[in-house]
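*Asks:* Work out the full structure: start from the sequences and follow the hints.
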Amino acid sequence: MWEFIVRSLEASTIFTFAALGELIDQRSGVLNVVLEGVMLFGATLGFIAAKTTGSYLLGFLVGMAIGGLLGFLHGFFSVTLGVDQVVSGMGIWILGFGLTTYIGNPYTGPLGMKRIPPLLFGLSPFFYVGIALVVVLWFVLSKTSLGLRIRSVGENPSVAEVSGINVTRTRYLCVTIGGMFAGLAGAIYALFYNPVWNYNFLMGWGFIALALVFFSMWNPLILLGGSLLFGSLWQLSLNPQLVLPGVLSRYIWRTVPFAITIGVLLIISTKWFRTRWGAAKPEALAKPYVKE
Amino acid sequence: MRIGSYELRLEKRLTLIGWQAAIISVLAIIFALALFSFIFILAKINPLFAYRQIFSYAFANPYGLPLTINRFIFLLLCTCAFIIPFRAGLWNIGMTGQFYVGALGAFAVLFAFGVKRSPSSNFSPELIIPAMLIAAALGGAGFGAVAGFLKGKFNVNEIVVTMMLNSIAFWLVSYMIKEGGPFMSPGGEGQGFMLPPSLYAPLIMNAPFTILVALGIAVLLYFLFTKTAIGYQIKAHGHSPAAARYAGISTFKIPLLVFILGGAVAGLAGYHYFAAVPGLYKISSDYRYFGDLAFYGIICGLISLGDPFAAIPVALLFGGLSIGGRFAQGKLHLGFGVDYALLGVLMITLVAFQFFYRYRIAWAKK
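In order, the protein sequence lines correspond to chains A and B. Residue numbers for the first sequence follow this note's numbering, beginning at 258 and rising by one. Residue numbers for the second sequence follow this note's numbering, beginning at 294 and rising by one.
Where hints are given, some of them may not hold.
As the list claims (entries may be wrong) - Here are the computed lysine-lysine pairs in the DSSO-like style, where the Cα-Cα straight-line distance is at most 30 Å:
no.	chain 1	residue 1	chain 2	residue 2
1	B	K528	A	K538
2	B	K546	A	K538
3	B	K446	B	K528
4	B	K337	A	K528
5	B	K546	B	K446
6	A	K544	B	K546
7	B	K575	B	K409
8	A	K528	B	K546
As the list claims (entries may be wrong) - Now the stretches of chain B that chain A is said to cover, found in silico as 3 or more residues with beta-carbon under 8 Å:
no.	region
9	439-453
10	456-462
11	640-646
By construction, these hints were calculated from the structure, which means they are not laboratory data. Keep in mind that this is a model prediction, so the values were computed, not measured. Ideal Cβ placement from N, Cα and C applies to all residues, glycine included.
*Replies:* Pasting the structure below:
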C-alpha cells in the first residue's frame, strides 16, 4: 500500500510541474492549450540525452531547455506575431507529437539506467522540489512585485503598459519559464516515473494538467491539492485491483481519470461555481495584446 | 528593411480575399516541404529524390494510388469533422475518439446480426451495410454530442473535453477487442473479428463506395454553409457567440449541432477504415495508428480555412504525403514516423504563416 501511495505522489509531482508551468503562462494572460506537446518534447529529448550520455542531470537539463525553447516559440507566435493562442498551441502539440515520434523511435524501449534513489520516505527528490516550487510560486505570485507585474499583465495589459510594465517582456518571461516547467515534467516522466520510451506515450497527461489549472482557480496551493487528487486517481486507474479487485476490466478503469476530468471541468464551469469563485480567472487570458 | 534597391515593409491587411488565403496556404505547404528537407538531409538522402519517391508512389504507382485514395477518403471525412465545429468557432480535436466510437458502432451492428458467432452464414449486405453506416454515424455523433452539450450548456472548454473523450474511446476499443472483449476475434488475441466477405463494402472503380459518401458530405457542407439559415447561424456563432446571441441564435443549439454533425462525419471515417478499406476489414490491433492520423484533419481544416471544397485537394495531397512518406520510410531506410514528423512540420509552418493572414509584405522601388 505504501508503494502505491509513493507511486501516486510521484505521478502527482509530474502533474504539479506541468500544471505549474501552465499556471505561470496563464497568469500572464497566455493560454497554452497543449502542454502535452511540450511535455513530449521534454520527455523525448531528455530521454535521448540521458540514454546516450548516461547522465540524468543532462537529461533533465535538456528537457528543461527544450521546454523553455518551445515556450519561447509559443510566445513568439502568440505575443509577437499575434497568432491565435489556441492555433499556436495546437501547432506545438502536433509538432511535438510528430517530431518526437520520428526522433525518438530509434530509442524505443527502456532507459536502462540505475533508478534515481529516493530522498526521504521512499519519495524522489522531485516530489520535494515540486512542493517547494508550489510554495515559492505562490509567494512570488501573490507577495512580490514581480508577481504583481505578472498578474497585472494577465488582467489588463494596456493598463499595465501605461503604468510602466513591459507587457511583451513579462509574457515572454512567463511562457519561457512555464515551458521549462512543462519540459521538466516530461523529463521526470520519461526518466523517472516510467523510463520506457514509446511514441506518443503521454496519452493525455498534458491535457489533464491543463484542466487542473482551470480547476485550481489559478492558485498554486489549490493546484497542488488537485495534482495530488489526480495523481492518485491516475495510479488507481493503473492498479484497480488494489482497491476493488475484480470489478470491471482494467481497460475500463483506464478511462476513469479522463471521465473525472470532464466531470471536474463541468463543475467548475457551472454558474454556481463561477459566481462563487470564477473571479480568479485572469481577465486577459488568451487575448493577444496589441500595443496601440 | 532594404534588399537591393527595394524597400520592404510590413503592412496590416484590411481584408483577406479567398485567393490570397489560398496563396498563403500553398506557400505554407511549399515552405514546410522545404523545411522538411532537412530531415532527409540529416538522414543523408537527397530531398529531391525523396520527394520524387513520395509523390510517384502516392500518385502514380498502381499499389500506392489505391492506398492514397483510401487515406484521402479518411482524411476528407476527418477534415469535414473538424471544419463543421471550426466554422462555429469551436475546436473539435476529438475526431480520433469519434472515429473509434464510429468503428465500434459499425461493428456493433455486425455483432448484433451474429456475424461474430457464425461468420459463414448468409447475410444481406443491402440491409447490413446501410445499418453499419448509420450506426457508425450515430456512434460518432453521440460521442461528439457530449462535447457539444457541455460547451453549449455550461461553456466547458471543448478542447480538453474532446481530448479526454479521445482517451476514453481509445481504452473502450481496447476493452472491446482485447482480453476476451465482446468484439475480440475468436482466433487472434488483441484484434477485432473479421468482416465476412459478403459484407465487404462495394467498390467503385477499385475504391470503396465511401469515396462518394465523403465527397457528398463535402458538397453538402458547402451548401449548408452558403445556402442555408443553419449554415449562416453556424458562421455567425463562429464570428462572435455574443453577437450571435443578440441576433437570436441559440448558443446552446449551435455548439451541440456542430459537434453532433462533426462527430457523425468522423464516425463514418471509422466505418470507412475498418470496414471498407480493402485488406483490413477488422478493427486491427494497431488501431491507434489510424486514430492518431485523424489529427491530420486539424491541419487540412486549417489550411483549407474551413472551406469544404478546398478540403478536397488538401486531403488528397496530405493523404498522398502520408502514404508516400510511409513508403519512403521503408524504401530509404528512414526511421519510423516520417509521416508523423511531416505532419508536425506542416502544422508549425502553418501556424507561423497565420501571421500573413493579418499582414502582408509590401515592397516598393526606391
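*Asks:* It remains to establish, for every hint, whether it holds in the given structure.
*Replies:* To see whether the hints hold, each was checked on the structure:
| no. | hint | result |
| --- | --- | --- |
| 1 | B:K528 x A:K538 | holds (28 Å) |
| 2 | B:K546 x A:K538 | holds (26 Å) |
| 3 | B:K446 x B:K528 | holds (19 Å) |
| 4 | B:K337 x A:K528 | violated (58 Å) |
| 5 | B:K546 x B:K446 | holds (9 Å) |
| 6 | A:K544 x B:K546 | holds (26 Å) |
| 7 | B:K575 x B:K409 | holds (11 Å) |
| 8 | A:K528 x B:K546 | holds (18 Å) |
| 9 | 439-453 | holds (count 8) |
| 10 | 456-462 | holds (count 6) |
| 11 | 640-646 | holds (count 5) |
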